[in-house]
Amino acid sequence: MASAAQRRIKAISYAKYGYMFIAPFFLVYCFFQVWPLIYTFILSFKGNQSEHALWVGLNNYSTILLGQGRAAGAAASQEEFFRALGNTLILWFGNFIPQILLSLLLAVWFTDAKVKLPGKGFFKVVMYMPNIITAASVAALYVNLFGDSENYFVNSTLMKMGLVSAPVAFIKGPIASKLMVMFIQTWLWFGNTMIMLMSGIMGINPSLFEAADIDGANSRQQFFRITLPLLQPIMVYTLVTSMIGGLQMFDIPYLYHNGANFNKQLETVAVYIYYNFNQGTVESANYGYAGAASIVIFIITAILGSITFYMNRDKDAIAKKKQRKKAEKQYKAKMKQGGLTL
Amino acid sequence: MSMKQQYGQAKDNYHAKIIAKSALIFAVCVLLTLICLVPIYILIVNSTHSNMELVANPSQFFFGSHLGENIQTIMNKVPDGASKVVKRTAQQYSSAFNVGKGYLNSFIIAGSTTVLTVFFSALTAYGLVVYDFKLSGPAYTFIIAVMMIPVQVSSAGFVAFMYSLGLVNSFIPLIVPAIAAPAIIFFMVSYMKSSFPLDIVEASRIDGCGEFRTFLTIAIPMMKPAMAVQAIFAFVANWNNYYTQNMILKNEKFATVPIMVSKVLAFDKNLDNGANFLCVTLSILPIVIVYFILSKFIIAGVALGGVKE
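Here the protein sequences come in this chain order: A and B.
Residue numbers for the first sequence follow this note's numbering, so the first one is 211 and each next one is one higher.
Residue numbers for the second sequence follow this note's numbering, so the first one is 347 and each next one is one higher.
The following block holds chain A by itself, in its conformation from the complex (with noise of 0.2 Å):
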């Protein structure tokens, strides 16, 4: 029974105190994102550098995706972007395969009941700890110790091994750069990736591991048959994470040179914005290229979002709000007919 004090407390509406909660969140968001966002996108229909306040419709679009602008280097800025496109994708590949299977083999090992692993605490502390390490500090230790000459740490090694005749260039070689950049990537993303991959193991119900167990199940029926499929959300999940991640790859490819410049070979589209709009004054800056560069970020980004969103929705509760839709209908039909018969 409830007191009349409660019964009062029902009857108040707190529905203003909700949208006085959650409004520092909207105001700060649609200032600082939203409309920068739509900014982006005026800016994407303005010229660059000199006319950075005349409009000029499709053009920044024709000229990175097509080639054909006003400007005199549209062939080029077209190039560069989908070299950029190019890159990221090559760059985005080469981390994540290596990344995804060593987390997952390490994951796998990690929550085997079977296995005596001593030290397995440290060890994920250790494996997880580059992931924390300040990226461009991480482009710093690697470029300091890479260097293309034999005054560098591993080139005078390798050398003194005996391992080869001559320095490798692991920074300006166009094959080499790239290999180290994924080396860097899955050396800092591996420890993440592998601590999301066990919670998401660890939440597999382990009397299925058990009656597979009993039944004779190897470790590699069981890695096939009962933890890959259970883990299929987490492993889509981490799987556009990771590509919208890798479309944002920034800080180790924009970093990873040596002197002023960053490396083109490196050139991502994260790079290719910034570059494009980082030049201090408007009148250096290209806005509009920058612009619509970030646009067609986000289509591709709304279109993987959309992906997790489908794979990841609850199937249970949209089959139970159908039920219900259905159950409310028929209850509606009955009503109406009982109203006739009456």
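Quick caveat, the hints were computed from the structure, so don't treat them as lab data.
Only a predicted model underlies this, so the values are computations on that prediction, with no experimental measurement involved.
Quick reminder that beta carbons are idealized off the backbone N, C-alpha and C, glycines included.
There may be inaccurate statements among the hints.
Claimed, not checked - Partner residues aside, some chain B positions facing chain A, computed with beta carbon under 8 Å: (1) Leu378; (2) Met494; (3) Pro523; (4) Ile525; (5) Val607.
Unchecked claim - For lysine-lysine, the following DSS-like pairs were computed, each having C-alpha atoms within a straight-line distance of at most 27 Å: (6) A/Lys532 with A/Lys542; (7) B/Lys480 with A/Lys532; (8) A/Lys531 with B/Lys539; (9) B/Lys430 with B/Lys539; (10) A/Lys474 with B/Lys480; (11) A/Lys226 with B/Lys599; (12) A/Lys535 with B/Lys539; (13) A/Lys324 with B/Lys367; (14) B/Lys423 with B/Lys433; (15) B/Lys599 with A/Lys324; (16) B/Lys615 with B/Lys447; (17) B/Lys599 with B/Lys423; (18) A/Lys388 with B/Lys609; (19) B/Lys430 with B/Lys615.
Said to hold, decoys possible - To list a few chain B residues with every Cβ distance to chain A over 12 Å, as calculated: (20) Arg434; (21) Ala502; (22) Pro543; (23) Lys596.
The hints should help you fit chain B onto chain A, whose structure is shown.
For chain B alone, kept in the frame of chain A given last:
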């Protein structure tokens, strides 16, 4: 062969297999540990060697004795008798990599963003979970939908907008946006849904407690675990955020640690390898120390679905 013997053999065999497997796994883990730690070790070792030593022999595996000189170089405190080149080098390093200033700036940014992010995310999550209002559903859907939008997508507009507001070279565009962190709100909402009893809010209302006070004195203490995890991640993410900081902070006096590292990286003359390594060491040292102190929470937080930067 008796049955017992046979059974015993099979058991031994099983044990041998498990031991072999464990040994293999242990070996792989040791190898990966080395891959993770050796670069850091070499980095620290090299920052204790002088430039001369590193030029003569770049493959140094053990600690040297020139840490003091390298510190003098990057602090611009070389002895008066030093050569002109040494002085110029020290000048160059100390102006690009001003350690104290960098730590201070990074700490101001990371510290205040962390407080804002955690507090306002908890506030928003509380508003969405506790109150039943018309737009709560759409608001939550919006937050989930925008969670994955990369910063890069709006950064051109963001910078242009900040230029027009005159907020370049100011900490405001780096700190205030932290109030709106969709991913952290998402995390807090799911945390509250699973472990925050709504009856407690009603009880405090009956006792005459105001809504905001209920949030401050009852909800926040109950959400401490979730807030602590998110605070760690927010701090690390903002300390490491080179992208946004580098496009807003153009003036040297606002430079943060990542910006300073990138400046050292861009040197092409008067290089001092020892000082180079020392700068990188100093830039990662605080975060690595904090990490090893808090590693248990951090690993648990990642397992909970901590935010992927």
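- request: Given the hint that B/Lys615 pairs with B/Lys447, test it: the Cα-Cα distance must not exceed 27 Å.
  value: Status holds; Cα separation ~24 Å.
message: Hint check: B/Lys480 vs A/Lys532, CA-CA at most 27 Å. Holds or violated?
response: holds (22 Å)
query: Quick one, are A/Lys226 and B/Lys599 close enough, alpha carbons at most 27 Å?
result: violated (44 Å)
- request: Take the C-alpha atoms of B/Lys599 and B/Lys423, compute the straight-line distance between them, and say whether it is at most 27 Å.
  value: This hinted pair holds, its Cα atoms lying about 20 Å apart.
query: Is it true that the CA of A/Lys324 sits at most 27 Å from the CA of B/Lys367?
result: holds (10 Å)
message: Under 8 Å is the threshold here; is the Cβ of B/Ile525 close enough to any Cβ of chain A for the hint to stand?
response: It holds, given that the least Cβ distance between B/Ile525 and chain A is near 4 Å, below 8 Å.
- request: Compare the distance between the alpha carbons of A/Lys474 and B/Lys480 with 27 Å, and conclude whether the hinted pair is satisfied.
  value: Violated - the C-alpha atoms of B/Lys480 and A/Lys474 are around 51 Å apart, more than 27 Å.
- prompt: Are the Cα positions of A/Lys531 and B/Lys539 separated by 27 Å at most?
  reply: holds (20 Å)
message: Using the nearest Cβ pair, does B/Val607 come within less than 8 Å of chain A?
response: holds (5 Å)
field: Holds or violated: B/Lys599 to A/Lys324, with C-alpha atoms at most 27 Å apart
entry: violated (56 Å)
- prompt: Hey, A/Lys532 versus A/Lys542, does the alpha-carbon distance stay inside 27 Å?
  reply: Within the cut-off at roughly 15 Å; holds.
Whether B/Pro543 stays farther than 12 Å from all C-beta atoms of chain A, as the label says: The claim holds: B/Pro543 sits with its nearest Cβ about 16 Å from chain A, beyond 12 Å.
Of the numbered hints given earlier, the model fails hints 9, 10, 11, 15, 21 and 23; all others are met.
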